[in-house]
Amino acid sequence: MRKRSRLPMFVTLGVLLFLYAPILVLILYSFNDSRYPGAWQGFTLKWYRMLLEANSVEARDIWRATRNTLVVAFAATIISMVFGTMAAWAMYRFRSRLQSLHQMLVYAPLVVPDILMGISLLMLFVNMSVNLGLTTIVVSHTTFCISYVALVVLGRLQDFDHTLVDAARDLGANGFAVCVRILLPLLGPGIAAGGLLAFTLSVDDFVITFFTAGPGSTTLPVQVYSMMRHGTPTLINALSVIFIIVTFSVVIFSQRVLQRKNNTHPHI
Amino acid sequence: MDGFIELRGIRKKFQGVPAVDDASLTLNRGEVFSLLGPSGCGKTTLLRILGGFETPDAGRIIIDGQDITDLPPNKRPINTVFQNYALFPHLTLWDNVGFGLKMAGRPRKFIDSEVERMLDLVDLLDHAEKKPHQISGGQKQRVAIARALINKPQLLLLDEPLAALDLKLRQRMLLELDRIHDEVGITFLYVTHDQGEAMSLSDRIAVMNHGKIEQIGRPMEVYEAPSSSFVAAFIGDTNFFKANVSASADADYSRLSIDKLPPVLAYNDKKLQTGQQVYLSIRPEKFRIQREKPSDGERLNMLKGKVLDIIYLGSNTKFRVECGGHILMITQQHARFMLDTSPLTWEEEVWVSWNADDGYMLQRYEEADTRLLNLPAEEPVP
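Top to bottom, those sequences are chains A and B.
Each residue of the first sequence is one higher than the one before, starting from 1 at the first, in this note's numbering.
Each residue of the second sequence is one higher than the one before, starting from 1 at the first, in this note's numbering.
Don't take every hint at face value.
[What the hints assert, rightly or not] Computed far set for chain B versus chain A, every beta-carbon distance over 12 Å: (1) Asn79; (2) Asn84; (3) Leu87; (4) Leu101; (5) Lys102; (6) Arg108; (7) Glu224; (8) Asp309; (9) His334.
[What the hints assert, rightly or not] Partial selection, computed: residues in chain A whose CB lies under 8 Å from chain B: (10) Gln158; (11) Asp159; (12) Asp161; (13) Leu183; (14) Gly190; (15) Thr247.
For the record, the hints were derived by calculation from the structure and aren't laboratory data.
Built from N, CA and C at the ideal position, the CB exists for glycine as well.
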């Protein structure tokens, strides 16, 4: 047998190192007994303690920003799941020249630079004399989240057999029953996938939030940014580690669940 | 003819192109009626209009005296077996079959007993807890039928239900469909492009072409007495001859003159006058082919010809014979043990004969329809 090349292994290791080295450094420095990143000053857990006890102003700001982030993300996700699915359905079901314009408009936020979106939303809110706050962030996040949900659900709809709707109607189902008994169960995974994507993007968003957040309504990315400049960056390292643990647990858990489901339904 | 279900002057256009053009037909209670035609002839559109999935541009649909033209699909006493079965992939077979009764808001106990009865009817009770992806094509087909029948519709629509199955399974399902029909006694409207399915299953057939119904009749009627060259060529094979009525032999029979052939006698059921142009259609199996000149029979037409091609198929042989520049397709059934005979060979001079009653005169003829024939009748003579 020919000797197998080791190149693929080295490339894989190299890529993994490239991806995860920064995170490793981040984790390492969350235990550094120094207020600023740089030299290693010895092992400590005090940043974690400070964060979890939340009796400093900084720690409280972080937790408030976390709460804001989650509130915004949940709200934007749910709204965009509803409207994104509706948009996808409209694009799937009705074809016309107006519809291709609709498609372009829905997808536009995917390609428009965040900075433009941020500025234009800010100008809109100011012109309408809307007070900046959580509501304006939710509205802004919904604008781009809808596009992602619509994209994912439309992809799912391409494989959807419309005669299933005909069949359900034929068997006596009215519009509502078709929705609840046929469309939602079958499109559910697609809508959920779109929602997860929207949630991630909303939690992550910095640029648009930066423009549309008001006093007291900062989200975590914006908070982290300001703390990097004047605050305790190491505290953020500790927060990041907690987030990484939560994220990885969720990913592992969902993989397990999906795998079990795949085993019982080999074709779905 | 009790006129149980009536379609009156149905028209439907898609982007200006007529898909169904003034289709009218009447279904009797409990019969199996087929819509037969090539793909794109409008038969599926007509079925979708009946099911309520398309709105006709004009025309009315009446079931048992009630006009249902404007009712949505879920309000019609009609159920459909879809071509791809359209089983709900997320529901078990049990829940698929019970869907209709659940939508009708029937009590749980009633639904359970009915689902059990229907699954038993299609012999799938053992698979009730399976999902559609776990069963075979033939089983899916049967689930689709059970699901459509459970609401006891006035009319069951079947949209090419066997198209996705292989040949063996198709033949089994045909018998199965026939059995189910006998058991439930519901009117079936069966849409197919397969003349064999339509002929074997149906009480009556409507042959469609270009959105129009060309002919409605019993299978034997449309085969033996086609109303146009399309029907003659689409159902089975035939030979066409362009002819002129040259004289009437007596009250019922006329003499026809055909280019380069001696005059032939044909039954003139249409009372055509001398001088009128007509097309004569003769089915391949109506001919007799033999070496010796047949003895003069009453109203027997005879032609001398030469064998061009022989296709031996076991139970029968197909010949291509040239007679006076015309190419004839002839099928001969073998009733006797063939090895004891000296069969006809290529280039052999033969006599071709047929009875005057066995040719059928057509007034509606399109040259394009000859393309539907299995062996092209018009080919350059070598």
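Checked hints:
1. Asn79: Non-interface label fails for asparagine 79 of chain B: nearest chain A Cβ at 6 Å, not farther than 12 Å.
2. Asn84: violated, 6 Å
3. Leu87: Given that some Cβ of chain A is not farther than 12 Å from that of leucine 87 of chain B, nearest at about 8 Å, it is violated.
4. Leu101: At roughly 9 Å from the nearest Cβ of chain A, leucine 101 of chain B sits no farther out than 12 Å, so the non-interface label is violated.
5. Lys102: violated, 8 Å
6. Arg108: holds, 16 Å
7. Glu224: For glutamate 224 of chain B, whose nearest Cβ neighbour in chain A is about 37 Å away, the distance exceeds 12 Å, so it holds.
8. Asp309: holds, 45 Å
9. His334: Holds, because the least Cβ-Cβ distance between histidine 334 of chain B and chain A comes to about 46 Å, which exceeds 12 Å.
10. Gln158: violated, 16 Å
11. Asp159: violated, 11 Å
12. Asp161: OK, holds: aspartate 161 of chain A within 8 Å of chain B, min 7 Å.
13. Leu183: violated, 11 Å
14. Gly190: violated, 13 Å
15. Thr247: Hint on threonine 247 of chain A: violated, closest Cβ of chain B at ~30 Å, above 8 Å.
Hint check: violations occur at hints 1, 2, 3, 4, 5, 10, 11, 13, 14, 15; the rest are consistent with the structure.
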